[in-house]
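**Q** Take a look at the letters that make up each chain.
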Amino acid sequence: MKTTQQQDWLALDGAEGEGGGQVLRSALTLSAISGRPFRIERIRAGRAKPGLLRQHLTAVQAAAAICGATVQGAELGSTRLSFVPGMIRGGDYRFAIGSAGSCTLVLQTVLPALWFADAPSTVTVSGGTHNQAAPPADFLIRAWWPLVATLGVQQQLVLLRHGFYPAGGGEVRASVTPCAALQPLDLTERGALRQVRAEALVARVPAHVAQRELARVTQHLGEVAGEARVLPPDEGPGNVLLIEVVHEQVSEVFTAFGERGVSAEAVADRAAREARQYLAGRAAVGEHLADQLLLPLALAGGGRFTATCASSHLRTNAMVIERFLPVRVEVADEDGAARVTVHPRVD
Amino acid sequence: MKKTVVIGFVGTVLDYAGKGGQRWDKWRPSVGLCQQDDLLVDRLELLHDSRSRGLFERLRQDIAAVSPGTEVRSVEINLRNPWDFEEVYGALHDFARGYAFDADHEDYLIHITTGTHVAQICWFLLAEARYLPARLVQTSPPVQRREEGVAGSYALIDLDLSRYDKIATRFAREQAETVSFLKSGIATRNARFNRMIEQIERVAVRSKAPMLLCGPTGAGKSFLARRIYELKKARHQLNGRFVEVNCATLRGDNAMSALFGHVRGAFTGAQAERAGLLRSADGGLLFLDEIGELGLDEQAMLLKAIEEKRFFPFGSDREADSDFQLIAGTMRDLGQWVASGRFREDLYARINLWTYTLPGLAERAEDLEPNLEFELARYAREYGEQVRFNAEARHAYLKFAMSPDAAWSGNFRELSASVTRMATLAEAGRITEAVVDEELARLRQGWRTQRDSPLRALMGERFEQLDLFDQLQLESVAAVCRQAASLSDAGRRLFGVSRQDKARPNDADRLRKYLARYDLSWQQLHSS
Chain R
1 MKTTQQQDWL ALDGAEGEGG GQVLRSALTL SAISGRPFRI ERIRAGRAKP
51 GLLRQHLTAV QAAAAICGAT VQGAELGSTR LSFVPGMIRG GDYRFAIGSA
101 GSCTLVLQTV LPALWFADAP STVTVSGGTH NQAAPPADFL IRAWWPLVAT
151 LGVQQQLVLL RHGFYPAGGG EVRASVTPCA ALQPLDLTER GALRQVRAEA
201 LVARVPAHVA QRELARVTQH LGEVAGEARV LPPDEGPGNV LLIEVVHEQV
251 SEVFTAFGER GVSAEAVADR AAREARQYLA GRAAVGEHLA DQLLLPLALA
301 GGGRFTATCA SSHLRTNAMV IERFLPVRVE VADEDGAARV TVHPRVD
Chain Y
1 MKKTVVIGFV GTVLDYAGKG GQRWDKWRPS VGLCQQDDLL VDRLELLHDS
51 RSRGLFERLR QDIAAVSPGT EVRSVEINLR NPWDFEEVYG ALHDFARGYA
101 FDADHEDYLI HITTGTHVAQ ICWFLLAEAR YLPARLVQTS PPVQRREEGV
151 AGSYALIDLD LSRYDKIATR FAREQAETVS FLKSGIATRN ARFNRMIEQI
201 ERVAVRSKAP MLLCGPTGAG KSFLARRIYE LKKARHQLNG RFVEVNCATL
251 RGDNAMSALF GHVRGAFTGA QAERAGLLRS ADGGLLFLDE IGELGLDEQA
301 MLLKAIEEKR FFPFGSDREA DSDFQLIAGT MRDLGQWVAS GRFREDLYAR
351 INLWTYTLPG LAERAEDLEP NLEFELARYA REYGEQVRFN AEARHAYLKF
401 AMSPDAAWSG NFRELSASVT RMATLAEAGR ITEAVVDEEL ARLRQGWRTQ
451 RDSPLRALMG ERFEQLDLFD QLQLESVAAV CRQAASLSDA GRRLFGVSRQ
501 DKARPNDADR LRKYLARYDL SWQQLHSS
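Note that the protein sequences, when read in sequence, are chains R and Y. Using the UniProt record's numbering, read the first sequence as starting at 1 and increasing by one per residue. Using the UniProt record's numbering, read the second sequence as starting at 1 and increasing by one per residue.
Heads up, a few of these hints could be off.
[Said to hold, decoys possible] Partial selection, computed: residues in chain Y whose CB lies under 10 Å from chain R: (1) T4; (2) G21; (3) C34; (4) Q35; (5) Q36; (6) D37; (7) D38; (8) L40; (9) D62; (10) V66; (11) S162; (12) Y164.
[Unchecked claim] Residues of chain R clear of chain Y, computed beta-carbon distances all greater than 12 Å: (13) R54; (14) L151; (15) G168; (16) G170; (17) C179.
If you're looking for bench data, these hints aren't it; they were derived computationally from the structure. In this text, a Cβ means the ideal position worked out from N, Cα and C, and glycines have one as well.
Input sequences plus hints: build the corresponding full structure.
**A** And the structure:
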């Protein structure tokens, strides 16, 4: 998998596709793994605040740290960046990020690279674990991790403390044992429905909020296993509702965050609606899991899955992946859902 | 990359939100500033008094959670009354002087949202005076519908206005208007003149120092002085009057009294008190034309008046005050006059700061046409009658006026008179070729008469037989002789350089022999 450095530079256009931070994060991971340096221009060109924001800078710094990369243009507001990776080194990494950033985005950037490091690693990320802008840590742990485990990845993910926006202060730890190669994945079916369970978390928020959310979920989805958890007050203030839908082949997690001025019922409606839509379909994974699954699949060199839809994040990811790896990503429409296939490419 | 350092007060009102978890629901400017996704505060210096230590500590902890990369420092500063301007300014000034600014490695922002309004004003003044090498940063609370959470937003304010394109454009436009104003809207084409006026505009707007306008009579010194006055008055930099005097008209006791005023009974006939021109110009602009003609005593008084803004009126033992902007005009080479002792060196040094030489009309031939337009418009304004040239007439006039034959020894004043004559003689508002021909003959005649120097009268036909080279030299020599007190005096001036190499200079003899070649003598020239 790992090739020597000093290959041709890859030139990327940051405004292409989804046009946000996704191009950059995928490129960082893929560059570290493939050893191929890249230059990216027009980073987030069309956005209200173009260029690198703090959370993107954090991802760049984290990626650079694990592979000893030489980076130019890593400044706030910078719209161009060059990244020359070195060897991926296993080790004990700690990244402290602000509450507006997300621990999960950092983990998603560095973990796939550490799968191919020369030694085991632990990665501790402190800061925001639960905010609107990114999948919560629970999603990584319950939905993404089991799937990548089936690819042959040996890693553990532990949520040590919750860190809600805006106070932050959460912590997630990952332990990774490197592997030589990944197994292809074939995930076109969900298998039989095993369980639907809901979990309402409150920290420094009245417990009745959690109870009301669970009651509302039941109205939408019928009787489901429900659990209200009251977190230690110093992890708050914050509230999140998680609905986990477990099938034989795959687990999906749908979330909604409580916020000031939004009733517990409205929060529950959001998560339950997503879960219901997923349950009504037949595709194996939902929109967000599909985005996160593509890169491991490409690293495995092939495989396929079905998704409820192919988002712009997914298509953008596919584009960047095809630039770095000898694969071709095929996205086909299938009964309103998407069938995503990763083919090895013979050049 | 430079580190970003923010300096600001702990907001005892805005940053205070209690100790409970509900504090995260409230916008706190100092915390919000550290939560911006496109701004990383590397260090935050929080100013507070001893009573706010608890609040500071809580802010420090909360900022550590939301922005682990930010170092928060406490700066204790005790103010008895944070609404007292003098005290707050003093305290912040001390802070600014004592702070180890490292502008090469750090970028400074002053957070003005917290602290009293008085503190805000002081921050602004200190930043504007560059005591604080910083930009200002203003934070604002979140707007609900924009979903920016509780962090709110921020805006940087750079007091260097030239950094803002729209403001810079505005200034450029205003400056262009001012320059045009100084030129009375005449679109002059002479590059040297235009550059000079652009600089005069900058000096006039920024400085109160005296100006010296040199140049031949009629070059527009007085006109320009008045425009400068009007410009400064429009900008509220002056509120007094424009007072203009030609020093050549001031002689003897009258000069002192006219300039500095007198008290009743100061001299025979001084039956009433007189304020004098300097006092009339208080708060305004005094234009002293032909300042070289001022007597040495008046020069000394004037110097004191400029430097101290105080002087003694004639016959008074009580000083009078007057604060005026001075513009002096001269057609003389004052430097030369200082050398020959006719002008005080100290006064010259005082007024020779912004010295501009206005070129004569003949040196600005390309400006003749726009000035011709201006004069026609002036005539229309003053006499209520629009007068135009016939195309041929205009062509003929300009052709001559811009040619080397046109001496324009009276400069713009002469052009103005010429236009007035033609306009007056024009029938039905048209200046015809006939009118122009007549006017050109008049101009030529006038310049010939001037050229008919006293030398022509003395030498008759013989003068015409000399080369122009010799004519010009002889005329200059004659001019010196006319002003000199004696043949020796004239000789000393004329041979001022070469005489220094001679052991026994005999300038008088050299000059006498030179003149003798033309059958002329010093007596003849001096009395001519």
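**Q** Take the hints in turn and mark each one as holding or not.
**A** Comparing the hints with the structure gives:
no., hint, verdict
1, T4, "holds (9 Å)"
2, G21, "holds (4 Å)"
3, C34, "holds (8 Å)"
4, Q35, "holds (6 Å)"
5, Q36, "holds (8 Å)"
6, D37, "holds (4 Å)"
7, D38, "holds (5 Å)"
8, L40, "holds (6 Å)"
9, D62, "holds (7 Å)"
10, V66, "holds (4 Å)"
11, S162, "violated (21 Å)"
12, Y164, "violated (18 Å)"
13, R54, "violated (5 Å)"
14, L151, "holds (33 Å)"
15, G168, "violated (5 Å)"
16, G170, "violated (10 Å)"
17, C179, "holds (32 Å)"
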